[in-house]
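Novice: As a plain string of letters, each chain reads:
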Amino acid sequence: MPVSKSTKLLINGEEKEVTFYNAETLLSVLRHKLGLTGAKPGCLNGDCGACTVNIDGQAQKSCLTLAIEAVGKDILTVEGLDSPIQGAFVDHFAFQCGYCTSGFLMNCHALLTEKKNPSDQEITKWLESNICRCTGYKEIEEAVKSVINFSNKR
Amino acid sequence: MSSYNFEYYKPKSIEEAASIFDQMDQQGKDPMYFSGGTEIITLKRLNQLKTGAVIDIKAIQECNVFEFHEDSLLTGAALTLTKVEELNLFPLLSQTVSEIADKTARNKITAGGNICGQIFYREAVLPFLLTDSELMIAGSDGRRNAPIKDVFNKQLLLNRGEFLVQMKTNRKYTEMPFVSIKRRRQWNTGYPLLTVAALKAEQGIRVAISGLTHFPFRSAQMEDALNRTDLAFEKRINLALSLLDVPILNDTEGSARYRLFVLKNTLYDIFQELEGDKLASIEEH
Numbered sequence: 000m001p002v003s004k005s006t007k008l009l010i011n012g013e014e015k016e017v018t019f020y021n022a023e024t025l026l027s028v029l030r031h032k033l034g035l036t037g038a039k040p041g042c043l044n045g046d047c048g049a050c051t052v053n054i055d056g057q058a059q060k061s062c063l064t065l066a067i068e069a070v071g072k073d074i075l076t077v078e079g080l081d082s083p084i085q086g087a088f089v090d091h092f093a094f095q096c097g098y099c100t101s102g103f104l105m106n107c108h109a110l111l112t113e114k115k116n117p118s119d120q121e122i123t124k125w126l127e128s129n130i131c132r133c134t135g136y137k138e139i140e141e142a143v144k145s146v147i148n149f150s151n152k153r
Numbered sequence: 000m001s002s003y004n005f006e007y008y009k010p011k012s013i014e015e016a017a018s019i020f021d022q023m024d025q026q027g028k029d030p031m032y033f034s035g036g037t038e039i040i041t042l043k044r045l046n047q048l049k050t051g052a053v054i055d056i057k058a059i060q061e062c063n064v065f066e067f068h069e070d071s072l073l074t075g076a077a078l079t080l081t082k083v084e085e086l087n088l089f090p091l092l093s094q095t096v097s098e099i100a101d102k103t104a105r106n107k108i109t110a111g112g113n114i115c116g117q118i119f120y121r122e123a124v125l126p127f128l129l130t131d132s133e134l135m136i137a138g139s140d141g142r143r144n145a146p147i148k149d150v151f152n153k154q155l156l157l158n159r160g161e162f163l164v165q166m167k168t169n170r171k172y173t174e175m176p177f178v179s180i181k182r183r184r185q186w187n188t189g190y191p192l193l194t195v196a197a198l199k200a201e202q203g204i205r206v207a208i209s210g211l212t213h214f215p216f217r218s219a220q221m222e223d224a225l226n227r228t229d230l231a232f233e234k235r236i237n238l239a240l241s242l243l244d245v246p247i248l249n250d251t252e253g254s255a256r257y258r259l260f261v262l263k264n265t266l267y268d269i270f271q272e273l274e275g276d277k278l279a280s281i282e283e284h
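Taken in sequence, the protein lines are chains A and B. What the first sequence shows, in numbering that gives the first Met the number 0, is residues 0 to 153, in sequence order. What the second sequence shows, in numbering that gives the first Met the number 0, is residues 0 to 284, in sequence order.
Any given hint could be a false lead.
Here are a few chain A residues that sit away from chain B, every Cβ distance over 10 angstroms (derived from the structure) [said to hold, decoys possible]:
hint : residue
1    : Asn44
2    : Gln59
3    : Ile67
4    : Tyr98
5    : Lys115
6    : Ile147
Each computed DSSO-like pair below joins lysine-lysine, with the alpha-carbon atoms no more than 30 angstroms apart [to be verified]:
hint : chain 1 : residue 1 : chain 2 : residue 2
7    : B       : Lys199    : B       : Lys167
8    : B       : Lys171    : B       : Lys57
9    : B       : Lys49     : A       : Lys4
10   : A       : Lys4      : A       : Lys15
11   : B       : Lys148    : B       : Lys171
12   : B       : Lys82     : A       : Lys124
13   : B       : Lys263    : B       : Lys148
14   : B       : Lys28     : A       : Lys72
15   : A       : Lys115    : B       : Lys82
16   : B       : Lys171    : A       : Lys15
17   : A       : Lys124    : B       : Lys57
18   : B       : Lys49     : A       : Lys32
19   : A       : Lys72     : B       : Lys49
20   : B       : Lys82     : A       : Lys144
21   : B       : Lys199    : B       : Lys57
22   : A       : Lys114    : B       : Lys28
23   : B       : Lys57     : A       : Lys15
24   : A       : Lys7      : B       : Lys11
25   : A       : Lys32     : B       : Lys9
Quick caveat, the hints were computed from the structure, so don't treat them as lab data. Note that CB positions come from ideal geometry on N, CA and C, so glycine has one too.
All chains, please: the whole structure from these sequences, using the hints.
Specialist: Take a look at the structure:
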């Protein structure tokens, strides 16, 4: 029988005591042990980006991260996100079914935090990490650019 | 979650890592070294990999260096591809790895992990093949340095218990003209149809190829043909292709015939990039 152990994860600014197996992914622990179902299982292969969270400010696919690798790191999920990008997604109709949305939001947040004024090429490069089967990506691009333009005007 | 778990260790030194590997091996736990871990996690989920212990090398200082030391660039095996790209100390390497997977995945995939992985493209090795780099490998017998041509043949040849620590590249190569071209069947992410990296060295053009066959390679015969200055560029390319002695992949990414067609055009693009002035002058005549 596999042995799990209790440890602390820093998630959305709070330390959470959680028990998990070494082989368990961060995605699984977030969803099944902590009830944080914002990050979604899509491909479970690192291709679709629906599971994206931020770890120490960097976008990471939680399906390709062991929970134990995230010990001692600052984990941000969509449940803890407070970013203008969220309102921008609503304003620009940048989602339909919403399944990919949390992954996109976390990646966009990481992009806009790292680069205040990303070029079109940079936006495309970053967002190639996430797949949407509903929209044509145009609205998502407009939502990102609206946040950049708003930031530039302030 | 499956009933299959493993022990997890994160040593802080090369010697500690090798020692843990030995202990786990003696206990019959089939240990594995873990860097980015993207392949291990994926293959484990698909039940294509079984291990009783993983040894995470990301805390080992030598595996994380990325700096010039005297006349050499040291590239740690645990560096993420994003870090390699952002610091851009080796532009050919930056350009080559910037096309692997996608941006977020590159925040996790490491240089050493890509080179040592089971997925055969191993594109991160191409710049090191081109630059005749030296590899530092470590295990319970200590550390050893070896020219890449002696330890990389289709894949990295490691003895049991060994792991790749870092790559050492002569500084002069990092400053030479280069080009790296990745052709895919469609879109901008995904596995390559073909990746060709090239360098213009003192002796001539060097090329290394991934995706044409089941392993990345560099061919001395092909390079000799491509550097035949007595021949026109197109004849050199045709001669180089005639000297190919590897089985060409024929799969859903592309047929063998299509791959050769793409390789031919890619080699021409490489000549355009690295010998553009000579190409124009020959074509005028």
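Novice: Each hint needs a verdict: does it hold in this structure or not?
Specialist: Here is how each hint holds up against the structure:
For A:Asn44, the condition that its CB be more than 10 angstroms from all CB atoms of chain B is violated, with the nearest at approximately 6 angstroms. A beta-carbon of chain B is positioned within 10 angstroms of the beta-carbon of A:Gln59; the least distance is around 6 angstroms. Chain B draws A:Ile67 into its interface by the beta-carbon criterion, the shortest separation being 5 angstroms against a cut-off of 10 angstroms. The non-interface label for A:Tyr98 is consistent with chain B: the shortest C-beta to C-beta separation is roughly 17 angstroms, beyond 10 angstroms.
Look at A:Lys115: its CB is around 16 angstroms from the nearest CB on chain B, clear of 10 angstroms, so calling it non-interface holds up. Every CB of chain B lies more than 10 angstroms from the CB of A:Ile147, the least distance being 17 angstroms, so the non-interface label holds. Pair hint B:Lys199 plus B:Lys167 holds up; C-alpha atoms about 19 angstroms apart against a cutoff of 30 angstroms. Of the supplied pair hints, the one linking B:Lys171 and B:Lys57 holds, its CA atoms being roughly 28 angstroms apart against a limit of 30 angstroms.
A hinted pair counts as satisfied when its Cα atoms are at most 30 angstroms apart, and B:Lys49 with A:Lys4 qualifies at roughly 21 angstroms. A distance of roughly 13 angstroms separates the Cα atoms of A:Lys4 and A:Lys15; the hinted pair therefore holds under the 30 angstroms criterion. Taking the CA atoms of B:Lys148 and B:Lys171, the gap is about 19 angstroms. The hint holds against a cut of 30 angstroms. This hinted pair checks out: B:Lys82 and A:Lys124 have alpha carbons roughly 16 angstroms apart, not beyond 30 angstroms.
Annotation: proposed proximity of B:Lys263 to B:Lys148 holds, straight-line Cα distance about 25 angstroms (limit 30 angstroms). Note on B:Lys28 and A:Lys72: the hinted pairing holds, with a Cα-Cα distance of about 28 angstroms set against a maximum of 30 angstroms. For the proposed pair A:Lys115 and B:Lys82, the alpha carbon gap of about 19 angstroms is at most 30 angstroms, so the pair holds. Distance restraint check for B:Lys171 and A:Lys15: the Cα-Cα separation of roughly 50 angstroms exceeds the 30 angstroms cut-off, and the hinted pair is therefore not satisfied.
At roughly 26 angstroms between alpha-carbon atoms, A:Lys124 and B:Lys57 fall within 30 angstroms of each other, so this suggested pair holds. This hinted pair checks out: B:Lys49 and A:Lys32 have alpha carbons roughly 24 angstroms apart, not beyond 30 angstroms. Of the supplied pair hints, the one linking A:Lys72 and B:Lys49 holds, its CA atoms being roughly 27 angstroms apart against a limit of 30 angstroms. Distance restraint check for B:Lys82 and A:Lys144: the Cα-Cα separation of roughly 26 angstroms lies within the 30 angstroms cut-off, and the hinted pair is therefore satisfied.
For the proposed pair B:Lys199 and B:Lys57, the alpha carbon gap of about 34 angstroms is over 30 angstroms, so the pair is violated. Under the criterion of a C-alpha separation no larger than 30 angstroms, the hint pairing A:Lys114 with B:Lys28 is inconsistent with the structure, at around 44 angstroms. Between B:Lys57 and A:Lys15, the direct Cα distance comes to roughly 24 angstroms. Compliance with the 30 angstroms bound is thereby established for this hinted pair. A hinted pair counts as satisfied when its Cα atoms are at most 30 angstroms apart, and A:Lys7 with B:Lys11 qualifies at roughly 21 angstroms.
About 24 angstroms separates the Cα atoms of A:Lys32 and B:Lys9, which keeps this hinted pair within 30 angstroms; it holds.
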